[in-house]
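These protein sequence lines map, in sequence, to chains A and B.
For the first sequence, my numbering begins at 9 and goes up steadily by one.
For the second sequence, my numbering begins at 12 and goes up steadily by one.
Hints were generated in silico from the structure; no laboratory data involved.
Since we're looking at a predicted model, the values are computed, not measured.
Hints may be right or wrong, so weigh each one.
As the list claims (entries may be wrong) - Cβ-to-Cβ under 7 Å is the rule here; a few derived chain B residues that face chain A: (1) Asn140; (2) Gln143; (3) Arg205; (4) Thr206; (5) Ser217; (6) Glu221.
Said to hold, decoys possible - With a cut-off of at most 27 Å between alpha-carbon atoms, the simulated DSS-like pairs for lysine-lysine come out as follows: (7) B:Lys283 x A:Lys177; (8) B:Lys311 x B:Lys59; (9) B:Lys65 x A:Lys177.
Glycine residues also receive a C-beta, built at the ideal position from the N, C-alpha and C atoms.
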Amino acid sequence: MNTNLAAETAGNAVSGSGRRLPQELNIFFILIAIALIFEVLGWIFAGQSFLLNPQRLTIMILQVSVIGIISVGVTQVIITGGIDLSSGSVVGMTAMIAAGFAQSSTWARAIYPSLTDLPAIVPIATGLIIGVLAGLINGALIAYTRIPPFIATLGMMVSARGISKWYTKGQPVSGLTEQFNFIGSSVAPVVVFLVVALIFHIALRYTRYGKFTYAIGANVQAARVSGINVEAHLLKVYAIAGLLAGLAGVVTAARAQTAQSGMGVMYELDAIAAAVIGGTSLSGGVGRITGTVIGTIILGVMTSGFTFLRVDAYYQEVIKGMIIVAAVVVDVYRQKARRKV
Amino acid sequence: MKKFFASAAIAATLMTGTAHAETIGVAMSLFDDNWLTGLRTSMEDYGKTLDGVKIVTEDGQGDIAKQQSQVDNFIASGVDAIIIMLVDADSGAAISKTAAAAGVPLIFVNNAPSNVDSLPDKQAFVGSNEEQAGTLETQTICKMLGGKGKAVIMQGQLGTTGQRGRTKATHDVLATPECKGIEIVEEQTANWMRTPALDLMSNWLSAGLEFDAVIANNDEMALGAIQSLKAAGRSMDSVAIGGVDATADALQALEAGDLDVTVFQNAVGQGKGAVDAALKIVKGEPIEKKNYIPFELVTKENLAQYKK
Chain A
9 MNTNLAAETA GNAVSGSGRR LPQELNIFFI LIAIALIFEV LGWIFAGQSF
59 LLNPQRLTIM ILQVSVIGII SVGVTQVIIT GGIDLSSGSV VGMTAMIAAG
109 FAQSSTWARA IYPSLTDLPA IVPIATGLII GVLAGLINGA LIAYTRIPPF
159 IATLGMMVSA RGISKWYTKG QPVSGLTEQF NFIGSSVAPV VVFLVVALIF
209 HIALRYTRYG KFTYAIGANV QAARVSGINV EAHLLKVYAI AGLLAGLAGV
259 VTAARAQTAQ SGMGVMYELD AIAAAVIGGT SLSGGVGRIT GTVIGTIILG
309 VMTSGFTFLR VDAYYQEVIK GMIIVAAVVV DVYRQKARRK V
Chain B
12 MKKFFASAAI AATLMTGTAH AETIGVAMSL FDDNWLTGLR TSMEDYGKTL
62 DGVKIVTEDG QGDIAKQQSQ VDNFIASGVD AIIIMLVDAD SGAAISKTAA
112 AAGVPLIFVN NAPSNVDSLP DKQAFVGSNE EQAGTLETQT ICKMLGGKGK
162 AVIMQGQLGT TGQRGRTKAT HDVLATPECK GIEIVEEQTA NWMRTPALDL
212 MSNWLSAGLE FDAVIANNDE MALGAIQSLK AAGRSMDSVA IGGVDATADA
262 LQALEAGDLD VTVFQNAVGQ GKGAVDAALK IVKGEPIEKK NYIPFELVTK
312 ENLAQYKK
C-alpha cells in the first residue's frame, strides 16, 4: 500500500507543517466577524449584547445541530468528489419510520398499537439502520453502476421523500415516549452533533479511512493505482453519510416530539452550504470537519442574529443567500493571495 | 324541468349499469401537510363509500407548474371531473380556463381561485374563508387578554394563501377598537412547522422579548412555541397561545391547558362537499358557485366534540 501518495494527496487538508495557517482559521475569523457585526448592530438597534447571552449562544448551535450532524457526513462525501442530495429526505424517512417504534401506549392512535412503550434503543437503532441502508444504496449505485453521485442521490432524495409520505399516508406520528424524546431534549442534539464531529474529525485526520477518502477525492486514478479499493471505500463513505442522516432524523423527531413526512425538506442544501462555507471544495480532495462545524455555526449565528435584529422575514433569506456566497468568495481570494506569497 | 328530471333519471340508470361510472382526479397542492392529508383522505374515504366512484390523486408538491401539468394530464386521461386544491390562488384562473376549454367539470376545494367570482359553467368552489380562521383565533386571544397587552405572531410559509389571509385577519382584529390595546411586538415566519417555531421562540426569548400572547397561523407552530416556552420555564397560564387546524396533537395540548384556542377547519366537510359538487356537475344537476364550510372555534369548553 502506497501510503506516501495518500499522505501527499491528503496534504491539502492535513497542514500540520506550521508553514501556513490551517484553512479553517479563515472561516473562524469570518464567524467572529459576523458575530461582531451582530454585536455592534445589537447595541445600536436592540440596546443589548448579542453574544453575552448564554441562552442565545446555546440556541445558535442547537437550532443547527441537526444540519451539523448531516453536514459531517456530507463533508466526507464531498471530499471524495461526490455529493449527497438525499440527506434531507432520508431525515424525513427515518424520522417517520423510527417514530413509529417510539410511540407511547398513552397515545390513542399509535400506528403499531401492539408495539408501544418500546425501549428507546429500538427506534434509534431502526432509524440508524434505515439511514445506513439508504446510504448503501447510494454508494452501491455510485461505485458499481458508475452513475454520477448527483443523479444517484437525487433518485434517493425523491424516493425517500416518497416513502416518508407513503408510510402513514401523510399522517404525523406523535405521542412519542419520554425516553425517546430525551435524545432531542435540551442540549442533547448539540452533544450528539459535537460527538459525531469529533469522531469523524479523528477518523479523517488520523486513520487510513481518512487518507483514502482524501486520496480518492484528489485523484481517483492515482488512488486506484496505489491499491485503494475505491468502490468499497465509496460504499463506506456513503453508508456513513446515510447513517448520519438517519441519526439526524431520529434527533429531529425526538426534538419536535413528533415525526412528519415533510421533515428535513431542504436540509441537504443547508448541510452542503455548511460544508462549503467551512472550506470543503466541491471539486473534491479538500475539506475538514472543523471547518464544517464552524460553517454550521455560521448558519446558526445568522438565523439568531436576524431574529435578534428583527430583520423582516422577507429579507432574511435574501441576505442569508448573499452571506453564503460572500463567505466562500472571501475564502477563495484569501487562498489565492496566500498562494502568491 | 320535467325534461331535466327525465334526462337525469336516464343518466342515473345508465350510471348504475356501468362498472365504474365516474373517475374524479384530485390534484392536491401538497401531500406532506397534516390538514391537507385529512382533506385528501376524507375525499378518498368518501369516494370509497360511493358506488362506482373512483378517485385518483396527484401531489403538486407546492409547485404551480407541476400542478398545472397534472391537471393537463387528468384532462388527457379523460377523467369525468377534477377536484383541485390550488398551490396558489392566483394560478386558479389559468387552470379554470384549461378545464373549461376541455369541458371537464372542475371543483376548487379549500383554496379559492382568484376568479372565484366569475367561474365559468361546470365549475364551483367548496371551502372556507381563510381570514375567518385568523379572525376567530385572534378575537379569542383578544378577549383572554382583555383587549390589552403584547402579542407575537408566528406566520406560515411566506406567500401562501393561509399565511396571507390569517395574518391579515389577525392584524384587522387587532386594529378594532376593542383590541387595539394589543401591540404586535414581533412577527416572523416559522414555515408552518414545529421545529422552526421552537427555534424562533427560543431566539425571541433569548432576546428578552416580553409578550402575553402567541398568535400562530397554525397549530404546529403554536406547539413549537409551547415546547420552547416550557423549556424556558415559563408558566403556561401567563401566556395566551392560539393556533389553527385543531390537529390531534393540538387537541391534546388544549386538554393539557398548554394551548388556549385553535380553530377547526372541517376537512371532512370540505372533502365530502367537493366530491358531492363534482358528482352533481357530472350528472348535470344545478349547483351553487360558492359553497362555504364555516370554521369552528375550539376551546377547552367544546373540546370533547372534536376529539375522535
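Checked hints:
1. Asn140: violated (24 Å)
2. Gln143: violated (24 Å)
3. Arg205: For Arg205 (chain B), the interface hint holds, since the closest Cβ of chain A sits about 4 Å away, which is under 7 Å.
4. Thr206: holds (5 Å)
5. Ser217: OK, holds: Ser217 (chain B) within 7 Å of chain A, min 4 Å.
6. Glu221: violated (13 Å)
7. B:Lys283 x A:Lys177: Answer holds: Lys283 (chain B) to Lys177 (chain A) is near 19 Å, not above 27 Å.
8. B:Lys311 x B:Lys59: violated (34 Å)
9. B:Lys65 x A:Lys177: At roughly 18 Å apart (the allowed maximum being 27 Å), Lys177 (chain A) and Lys65 (chain B) satisfy the hint.
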